[in-house]
Amino acid sequence: MFRAELRKVLPYRTVWIILLLFVVLLALFVSAGGSVTLNGQRVGATLYTFPGLWQKLTYVASYFNLLLGILLIILITDEFQFRTFRQQVIDGASVAELLQNKLLLSGLLAVFGMLTVLGLGFYFGLTRAADTASQATVGITGIALYGIQVLGLLSMAALVAVLVRRSGPGILLFLLYAWVAEPLLRFSLPDSLDRFLPAKVFNSLTPLPGQEMIDTVTGPSSALLPTEALPLALVYTALFWGLSYLLLRNRDL
Amino acid sequence: MPILELDNLSKTYGSTTALKGLTLSVEPGSVYGLLGPNGSGKTTTLGIALGVLRASGGTVRWFGQEPNANNRRRVGALLETPNFFPYLSARQNLLLAADVKRADPRTVDQALDLTGLGTRQHDKFRGFSLGMKQRLALASTLLGNPEILVLDEPTNGLDPQGIAEVRDLVTRLAADGKTILIASHLLDEVEKVCTHVAVLQRGDLRAAGPVHSILATADRVILRPAPDTSIATLQQAVAALPWVSDLKPEAAGAYSAVLATGHGPADLNRALFEQGIALAGLEVRHRSLEAQFLELTR
Numbered sequence: 001m002f003r004a005e006l007r008k009v010l011p012y013r014t015v016w017i018i019l020l021l022f023v024v025l026l027a028l029f030v031s032a033g034g035s036v037t038l039n040g041q042r043v044g045a046t047l048y049t050f051p052g053l054w055q056k057l058t059y060v061a062s063y064f065n066l067l068l069g070i071l072l073i074i075l076i077t078d079e080f081q082f083r084t085f086r087q088q089v090i091d092g093a094s095v096a097e098l099l100q101n102k103l104l105l106s107g108l109l110a111v112f113g114m115l116t117v118l119g120l121g122f123y124f125g126l127t128r129a130a131d132t133a134s135q136a137t138v139g140i141t142g143i144a145l146y147g148i149q150v151l152g153l154l155s156m157a158a159l160v161a162v163l164v165r166r167s168g169p170g171i172l173l174f175l176l177y178a179w180v181a182e183p184l185l186r187f188s189l190p191d192s193l194d195r196f197l198p199a200k201v202f203n204s205l206t207p208l209p210g211q212e213m214i215d216t217v218t219g220p221s222s223a224l225l226p227t228e229a230l231p232l233a234l235v236y237t238a239l240f241w242g243l244s245y246l247l248l249r250n251r252d253l
Numbered sequence: 254m255p256i257l258e259l260d261n262l263s264k265t266y267g268s269t270t271a272l273k274g275l276t277l278s279v280e281p282g283s284v285y286g287l288l289g290p291n292g293s294g295k296t297t298t299l300g301i302a303l304g305v306l307r308a309s310g311g312t313v314r315w316f317g318q319e320p321n322a323n324n325r326r327r328v329g330a331l332l333e334t335p336n337f338f339p340y341l342s343a344r345q346n347l348l349l350a351a352d353v354k355r356a357d358p359r360t361v362d363q364a365l366d367l368t369g370l371g372t373r374q375h376d377k378f379r380g381f382s383l384g385m386k387q388r389l390a391l392a393s394t395l396l397g398n399p400e401i402l403v404l405d406e407p408t409n410g411l412d413p414q415g416i417a418e419v420r421d422l423v424t425r426l427a428a429d430g431k432t433i434l435i436a437s438h439l440l441d442e443v444e445k446v447c448t449h450v451a452v453l454q455r456g457d458l459r460a461a462g463p464v465h466s467i468l469a470t471a472d473r474v475i476l477r478p479a480p481d482t483s484i485a486t487l488q489q490a491v492a493a494l495p496w497v498s499d500l501k502p503e504a505a506g507a508y509s510a511v512l513a514t515g516h517g518p519a520d521l522n523r524a525l526f527e528q529g530i531a532l533a534g535l536e537v538r539h540r541s542l543e544a545q546f547l548e549l550t551r
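Those protein sequence lines, which keep their order, are chains Z and B. Take the first sequence: its letter number 52 is residue 52 in our numbering, and every next letter is one higher. Just add 253 to wherever you are in the second sequence, counting from 1, and you've got our numbering.
Wrong hints could be hidden among the right ones.
[To be verified] If the Cβ cut is set under 10 angstroms, some of the chain B residues that face chain Z in the computed set are:
hint: 1; residue: 303
hint: 2; residue: 348
hint: 3; residue: 352
hint: 4; residue: 396
hint: 5; residue: 489
Calculated from the structure, these hints are not laboratory results. Backbone N, C-alpha and C fix where the C-beta goes; we use that ideal spot for every residue, glycine too.
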């Protein structure tokens, strides 16, 4: 059945445009980062030194995950708009199979994100801070956490897409939740609770570089450590896919 | 064993009832026409049977089993509009459908040839006319050699030649023993190809059965009494026959009546003769399916 999914996705120009945009924008952002001046000093090559590069890169890449979320929303809402989910059920696909394909697709997108970060990390690290190359593999496991983060965010995007069924409102709702609704909710909730909200949990997987230093000035952060956030992120991911399945199964197509 | 059985099927959308306890079964080898005006519940019926609409009540059985993905793969179905990916070519869309149906990809070529799309197979679906889209949908239903075809308004958007081609295709498939369930407005077409029909009106089943029996109930016998027979005598004699109903005057001193199933004009002639009434003429006026449909859905 996944072959059918690939038949839909591979010839679709929108997919390649968004993926290209993800790579190019992330590369440009990381490249431009070296020219940024902080307190009158250029960040320069220090940005690209191993092993800290991996945490910086995954943190920056987490902002670009929204592009992958938007892509998945488009791919799912297209199926409602073209009524192809409906046709595939008529043709003999089960709702579980259709959703399983989207889950596998989101896995592929997560792998794509991880490979992009890996590629850019090696490229910038080895070309701009070659003297730290011996430590290139230290902390590289953070990319796996980044992959889980992408999967989590995509599960949220899938739920929004199944719920709304139209690309424009779906993308808007997804961005509104990530950028406005949850931050506002966090504002009104005590720190002990807001760190368990889904977007915050996913963000906790790729923490802000130098958070430890900031903590010494502002006091300890309420955010979960990546290791604490990991099981919760997996639970949220499973929950969102499960809800998407129930919605799809119990509504008319 | 029927290929499809619907038992007491109902569907409500909010306060609107789209189907009211529909029961019917489609036997193997039959060409079953589902008739009804817009909003009568034809597409809702097919949507529930095909698993894309949830029934509010009742049951569906395909091949004697609960509906599931496996038995849906034994069905080739076109429901409402042709649904394909606009950015894919006709061929790519059919290959995708073949994957979903677990059908041999080689059947794609046969389906393209049968529907006359061979020369346009590499064109994108978005560039197709409505007629071409409908042909592609028909091609998709044929993939994997399904045991039954479910066609919802298959001639929508087709020109007269296309309509004739679809009718020929359906006739050919039916002649090969394929079971076909077809919802259509084109009563003339249905009458030509269907062996059975069900007539729906506002979610109610008005009539169902073999086409000849549905039409037989619509046939009227025209009686021309001999000149010396009084009308009162004729009415009295007819009233004594419980299988004759709806006696009414026609033009030129003739009368018409409806005979119950199992009784023919010869029975009527004999029964009247036994009561001393001679007829100068007796004939059967056949009604078209269209006339019967209009009567049933009035």
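Starting from the hint list further up, note which numbers the structure goes against and sort them upward.
5
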